[in-house]
Amino acid sequence: MKTVLLALAAFVCASPAFSAQDQVLKAMTDEMRRTVTRLKMDNLDKPYFASYYVVDSSETAISAVFGALKEDSFNATRHASAELRVGTPAFDNSWYAGRDMNSFEPGLTALNEEDGYDAVRFSLWSLTDDVYKKSLERYSQKKAYQKKKNITELYGDLSPVKPGTYFADRKAVPALDAAAWRERIKALSAIFRKYPAIQWSQVRLSYTPRVVRFVNSEGAAYRYWWDKVNLDVSVNVQDKTGLKLSDEKAMAWRSLAEVPPYETLAAEVETFAGQMSALAAPAEAEVYLGPVLFEDQAAAEFLNQLFVGNVSFARQPWAEQEEWMKYYINAGDLTKKLGMRVLPAFMDVSDDPARDSFNGTGLIGAYPIDNEGVIPAPLELVKNGKLVNFYMSRAPVKEFRTSNGHARGFAGEFPTPRPGSVFFSAQPEKRAPLDELKKKLLAVAADNGLDYAVIVRRLDAEQARKADALLAGPVLAYKVLVKDGSETVLGGSDWTGVTFRALRDIMLVSDKDQVYNYFQAGPFYFNRGFVPASIVAPAALLVQEMELKPTDAKPDRQPYLPHPYFAR
Amino acid sequence: MKKLLAVILLVVPCLAGAQPAQPPQTDPLLEAMKAELGRSMETLRAAEASPLYYLGYEAYDKTSYSVSAQAGSLYNDDYRRSRLLDVDVRIGSPALDNTHEMKGREASNSKRQEAAALPVENDPAALRSELWNLTDKAYKAALDQYAKVKMNKSVTAEEEDKSDDFTPGAPHVFYEKAVFPDVNKEKFHAMARRLSEKFKPYDFIYDAAVRLSVDTVNRYIVNSEGSSIVTGNTYVRLMYSLYTRTPDGMDLSRVKIYDSDGLTDLPSETEIARDMDATIAQLKAQRVAAPEQPYSGPVLVESRAAGVFFHEILGHRLEGHRQKSEESGQTFAKKIGQPIMPEFLSVYDDPSQYRHGKQFLRGFYRYDDEGTPAQKAVLVENGVLKGFLMGRSPIKNFSASNGHGRRSEGRGAVARMGNLVAVSSKTLSPKDLRQRLLEEVKKAKKAYGLVVSDIAGGFTITDRYLPQSFSVNVTMGYKVYADGRPDEPVRGLNLIGTPLQTFSRILVTGDEAEAFNGTCGAESGWVPVSAVSPSLLFSEMETEKVQKSNAKPPVLKPPFTDKEGK
Numbered sequence: 001m002k003t004v005l006l007a008l009a010a011f012v013c014a015s016p017a018f019s020a021q022d023q024v025l026k027a028m029t030d031e032m033r034r035t036v037t038r039l040k041m042d043n044l045d046k047p048y049f050a051s052y053y054v055v056d057s058s059e060t061a062i063s064a065v066f067g068a069l070k071e072d073s074f075n076a077t078r079h080a081s082a083e084l085r086v087g088t089p090a091f092d093n094s095w096y097a098g099r100d101m102n103s104f105e106p107g108l109t110a111l112n113e114e115d116g117y118d119a120v121r122f123s124l125w126s127l128t129d130d131v132y133k134k135s136l137e138r139y140s141q142k143k144a145y146q147k148k149k150n151i152t153e154l155y156g157d158l159s160p161v162k163p164g165t166y167f168a169d170r171k172a173v174p175a176l177d178a179a180a181w182r183e184r185i186k187a188l189s190a191i192f193r194k195y196p197a198i199q200w201s202q203v204r205l206s207y208t209p210r211v212v213r214f215v216n217s218e219g220a221a222y223r224y225w226w227d228k229v230n231l232d233v234s235v236n237v238q239d240k241t242g243l244k245l246s247d248e249k250a251m252a253w254r255s256l257a258e259v260p261p262y263e264t265l266a267a268e269v270e271t272f273a274g275q276m277s278a279l280a281a282p283a284e285a286e287v288y289l290g291p292v293l294f295e296d297q298a299a300a301e302f303l304n305q306l307f308v309g310n311v312s313f314a315r316q317p318w319a320e321q322e323e324w325m326k327y328y329i330n331a332g333d334l335t336k337k338l339g340m341r342v343l344p345a346f347m348d349v350s351d352d353p354a355r356d357s358f359n360g361t362g363l364i365g366a367y368p369i370d371n372e373g374v375i376p377a378p379l380e381l382v383k384n385g386k387l388v389n390f391y392m393s394r395a396p397v398k399e400f401r402t403s404n405g406h407a408r409g410f411a412g413e414f415p416t417p418r419p420g421s422v423f424f425s426a427q428p429e430k431r432a433p434l435d436e437l438k439k440k441l442l443a444v445a446a447d448n449g450l451d452y453a454v455i456v457r458r459l460d461a462e463q464a465r466k467a468d469a470l471l472a473g474p475v476l477a478y479k480v481l482v483k484d485g486s487e488t489v490l491g492g493s494d495w496t497g498v499t500f501r502a503l504r505d506i507m508l509v510s511d512k513d514q515v516y517n518y519f520q521a522g523p524f525y526f527n528r529g530f531v532p533a534s535i536v537a538p539a540a541l542l543v544q545e546m547e548l549k550p551t552d553a554k555p556d557r558q559p560y561l562p563h564p565y566f567a568r
Numbered sequence: 001m002k003k004l005l006a007v008i009l010l011v012v013p014c015l016a017g018a019q020p021a022q023p024p025q026t027d028p029l030l031e032a033m034k035a036e037l038g039r040s041m042e043t044l045r046a047a048e049a050s051p052l053y054y055l056g057y058e059a060y061d062k063t064s065y066s067v068s069a070q071a072g073s074l075y076n077d078d079y080r081r082s083r084l085l086d087v088d089v090r091i092g093s094p095a096l097d098n099t100h101e102m103k104g105r106e107a108s109n110s111k112r113q114e115a116a117a118l119p120v121e122n123d124p125a126a127l128r129s130e131l132w133n134l135t136d137k138a139y140k141a142a143l144d145q146y147a148k149v150k151m152n153k154s155v156t157a158e159e160e161d162k163s164d165d166f167t168p169g170a171p172h173v174f175y176e177k178a179v180f181p182d183v184n185k186e187k188f189h190a191m192a193r194r195l196s197e198k199f200k201p202y203d204f205i206y207d208a209a210v211r212l213s214v215d216t217v218n219r220y221i222v223n224s225e226g227s228s229i230v231t232g233n234t235y236v237r238l239m240y241s242l243y244t245r246t247p248d249g250m251d252l253s254r255v256k257i258y259d260s261d262g263l264t265d266l267p268s269e270t271e272i273a274r275d276m277d278a279t280i281a282q283l284k285a286q287r288v289a290a291p292e293q294p295y296s297g298p299v300l301v302e303s304r305a306a307g308v309f310f311h312e313i314l315g316h317r318l319e320g321h322r323q324k325s326e327e328s329g330q331t332f333a334k335k336i337g338q339p340i341m342p343e344f345l346s347v348y349d350d351p352s353q354y355r356h357g358k359q360f361l362r363g364f365y366r367y368d369d370e371g372t373p374a375q376k377a378v379l380v381e382n383g384v385l386k387g388f389l390m391g392r393s394p395i396k397n398f399s400a401s402n403g404h405g406r407r408s409e410g411r412g413a414v415a416r417m418g419n420l421v422a423v424s425s426k427t428l429s430p431k432d433l434r435q436r437l438l439e440e441v442k443k444a445k446k447a448y449g450l451v452v453s454d455i456a457g458g459f460t461i462t463d464r465y466l467p468q469s470f471s472v473n474v475t476m477g478y479k480v481y482a483d484g485r486p487d488e489p490v491r492g493l494n495l496i497g498t499p500l501q502t503f504s505r506i507l508v509t510g511d512e513a514e515a516f517n518g519t520c521g522a523e524s525g526w527v528p529v530s531a532v533s534p535s536l537l538f539s540e541m542e543t544e545k546v547q548k549s550n551a552k553p554p555v556l557k558p559p560f561t562d563k564e565g566k
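Those sequence lines, one after another, are chains Z and B.
Residues 1 to 568 in this note's numbering are what the first sequence lists, from first letter to last.
Residues 1 to 566 in this note's numbering are what the second sequence lists, from first letter to last.
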């Protein structure tokens, strides 16, 4: 009883003074008040905790193929997710997936695009009622599950936290010059008219200003905005053996103002088109065991897929079919190695969501407050190669019971502990210019009696990873001859036997840092929400030993007719 | 998956601004399609041992606008342009090709096929590049399928109907584009907001919306037989919906739709508001009605509901391709020339009919998706079965298409309905019809008869491995008592039965026919349709209880009706 009264007191005080102008926030606040004071069904538990999370998105998408406009659309949406908890913070309805993994998600509904107090409250009311009833059922099922499995080691379900508030606004949303962008996107896509080896290509710009609002029954509340600006270049090629390869170069910025000039974008597209064209006539892939130099996107993805993704998602839900869990939910496997060496002793890692730029480049992973209303502080993850922390939301685990402000996720998925802006650093004596890294690569290969070494410049996306694999296959891998350092692109290859050992096997890193802005895929395979994240890390990593083999993918027949444009 | 295909759904179910014929040579999309079709046909015809004998492209050039409102503010406001391409590839010969039905263990006859987005801009190089990509994909898939078909045919039993897979078509040239109407967005925004406010005072309405949609679809069809067709339709729909839940856990909803081919034909806001008041009152009365118990006895199905009834129970069973499918129930396959319903009834399907009275018919089109001109198909004449709805898949004794080969993007076309029309020569006025119902009730020694005013669509099973039954959900209806008590609304029932028996029980019909406009879903996707029928009086029909959600009504009242919560 006391807890409830306190929560309410805090809630009333926290109602922001200016919410009167923000009809959406006011509707959220008022309906929240009604929920916590009056929502109770018969003789069943009333919710001890409730939260609403509302995201406004207005996306302008412009895409073009081969120089012509394909898509030119505007789409505004507003989504709300609601979470209600019954029971107590020590044990409630959360983190229980039951029999149906696919239903392990918060209540979600679409709200009116237009700010309308009545309409928003009406939808929230309807959603809340639905979520409350489900929460009651989940709670009783979870209690029964605990009894059946005789689970006695409990760490709690909702950690206490000082409710954070944060309110940011802006006078006007920067307008996209759609006419100019249409021409730019068409021109970028027309670059592919110079690359006959590419069977299909597309260039797509997506500009999505967003406003995020949150209130919970403990008094946390926020409203802030962020802009999602993406340029994706997609390409399909077919190599001479018939193997089909596709890749997407994704570029992301914090704002329209940060998008580089057309010439820079065109140069990026040209480079990508050139690299992908080379894949049409690659060197034959073969089994390789030796040193690998990861550069550019591949270096960042190596760290993302092996490290960042595995110090995320510490808490796992209970499920009736535990053995199926791995097919549904990504587990942060490195979180089981707290206090152990996970990287070479010369490397440190930290995360600081408050940092929004690095050497003048914007970091899209920055955020002022997490999805649960917790303001993050800088977080040390790895010290001298040892894992000292991992990301935490308010869901306690054995190792940590409190949040470090990293609960993130999109509407429609439960917030889970995830990165913001991750910084990898290395001691100066282990950093070297790229040409020295390449020399060292060839030297290690020679020591191993190899004729060539491998450089990987692009890795496939995390979500393209095979089940049970830690690292997605290389898209752009190069065979580098020991005798003269010459490079030839390698045909379809894949990793074998990658373990976390690969992280500890980093021998040497580049003396230059790169900023890698990307969207981290959420842990739930049935409902993947993506959050913007940034990695600031050495632009190249030399790894002592990796194993490659030719891909298992089967080739296809070449097209029956030549491309109509190049056939002229 | 198989079950999904077996169930044919009809959800509650246009030509305006058609432009006069333009010189087709000025249309770059059409030209790109022709050029790539010609090039592909020339090379692929004999590229492999199994010949390509037919190639067809259909591009859907769509412009859509929709606006919806809830509780006084806009829910959604959306405008978009898109172009999608379907490629039909036929390998083998008309006698046997890659579209042939697979039987036995390999029987998975999905009509799903690759479709791709095309640039909305008229750039020949970009258009042809996308056409080339999809053609290559579709051709390879068809070669693969043809090999499977040949083997499947060799290892499975001989078919009862040995008709060809495809019937040749004549070349048609036609050019008439529909123009997307000017939409006064501000006007419709304001109207949607105002109308959606009307639901707010009612604490039993748990969800409600008002929506306007305007869609113009221009279909570009070219094929290797020399056809070059551009034909367009505009569909305007204004609808409102409201939903409630009863204390015993039954979800009840009502939907009202106004269909048109132009914005000027929509009813006035006052008329819509008046209809809304009536619908709200109906839902309120229905909510407190006792849940219906299974019933068997006389039933009067009113006009629009009767249209849906014919669509579901008769129309789908007369789709030509089903008569030869080894998977199908073939209720009517061998009944040509035999009576299947009372002789006072005749049924035809005529997609070339543009209106019924003043009502625009959504099932109107000029050419089907196989490039055949739309034409009237006589199905039942004076109770006797005369024919089927035919696409270009011939069946025994019916080799020609009558322009009913239809699909939505990404599916292979099959025979579908357009405007299904039932006419009767034995009619009664509404008053006399009700009187006759009461007589039948008394004759059957029942306390009451059922009047069905609205049905929410329903489903009918035509696949052989399930019973050949139908079930349609009654969303509005009432009991008419023999002892003269006032009528009472009903809730929670489905009309059920089997087709042949049900038709034989039609006693008499009304003397007026209304049109029902809808969108019909089956294996070839979603297509706009209409159904027109007079009211039908059945001597006996059976009902069953509907499945309930069993969820309780909301704990709290809607916020704006909750005085305590203010």
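Bear in mind the hints are in silico, worked out from the structure with no lab data behind them.
The structure presented is a predicted model; accordingly, all values stated were derived computationally and were not measured.
Careful, some of the hints might be misleading.
DSS-like cross-link-like pairs, simulated, lysine-lysine; straight-line CA separation at most 27 angstroms [what the hints assert, rightly or not]: (1) Z:K244 to B:K256; (2) B:K386 to Z:K240; (3) B:K284 to Z:K133; (4) Z:K326 to Z:K398; (5) B:K426 to Z:K46; (6) Z:K133 to Z:K26; (7) Z:K26 to B:K148; (8) B:K426 to B:K358; (9) Z:K26 to B:K431; (10) B:K386 to B:K376; (11) B:K443 to Z:K134; (12) B:K140 to Z:K40; (13) Z:K554 to B:K148; (14) B:K548 to Z:K40; (15) B:K34 to B:K103; (16) B:K185 to B:K256; (17) Z:K148 to Z:K26; (18) Z:K554 to B:K140; (19) Z:K337 to Z:K440; (20) B:K431 to B:K445; (21) B:K557 to Z:K26.
Now for the hints, and whether the structure bears them out:
For the given pair, Z:K244 sits about 50 angstroms from B:K256 by alpha-carbon distance, which is inconsistent with the 27 angstroms threshold. Between B:K386 and Z:K240, the direct Cα distance comes to roughly 58 angstroms. Violation of the 27 angstroms bound is thereby established for this hinted pair. For the proposed pair B:K284 and Z:K133, the alpha carbon gap of about 25 angstroms is at most 27 angstroms, so the pair holds. A distance of roughly 20 angstroms separates the Cα atoms of Z:K326 and Z:K398; the hinted pair therefore holds under the 27 angstroms criterion.
With a C-alpha separation of about 63 angstroms, the suggested pair B:K426 and Z:K46 falls outside the 27 angstroms cut-off, and the hint is violated. Distance hint between Z:K133 and Z:K26 is fulfilled; the C-alpha atoms sit about 24 angstroms from each other, no more than 27 angstroms. Under the criterion of a C-alpha separation no larger than 27 angstroms, the hint pairing Z:K26 with B:K148 is inconsistent with the structure, at around 62 angstroms. Among the hinted pairs, B:K426 with B:K358 is consistent with the structure: their alpha-carbon atoms are about 24 angstroms apart, no more than 27 angstroms.
Among the hinted pairs, Z:K26 with B:K431 is inconsistent with the structure: their alpha-carbon atoms are about 55 angstroms apart, more than 27 angstroms. This hinted pair checks out: B:K386 and B:K376 have alpha carbons roughly 13 angstroms apart, not beyond 27 angstroms. About 50 angstroms separates the Cα atoms of B:K443 and Z:K134, which puts this hinted pair outside 27 angstroms; it is violated. Simply put, B:K140 and Z:K40 have alpha-carbon atoms about 61 angstroms apart, too far for the 27 angstroms limit, and the pair is violated.
With a C-alpha separation of about 20 angstroms, the suggested pairing of Z:K554 with B:K148 holds against the 27 angstroms cut-off. For the suggested pair B:K548 and Z:K40, the alpha carbons sit about 24 angstroms apart, so the restraint of at most 27 angstroms is met. Distance check on the hinted pair: B:K34 and B:K103 sit about 36 angstroms apart at the alpha-carbon level, beyond 27 angstroms; violated. In summary, the hint linking B:K185 to B:K256 is supported, as the alpha carbons are separated by about 22 angstroms, within the 27 angstroms threshold.
This hinted pair does not check out: Z:K148 and Z:K26 have alpha carbons roughly 44 angstroms apart, beyond 27 angstroms. Restraint check for Z:K554 and B:K140: the C-alpha separation of about 15 angstroms stays at or below 27 angstroms, so the hint holds. At most 27 angstroms may separate the alpha-carbon atoms for a hinted pair to count; Z:K337 and Z:K440 exceed this at roughly 30 angstroms. Restraint check for B:K431 and B:K445: the C-alpha separation of about 21 angstroms stays at or below 27 angstroms, so the hint holds.
The suggested pairing of B:K557 with Z:K26 holds, with an alpha-carbon distance near 19 angstroms, which does not exceed 27 angstroms.
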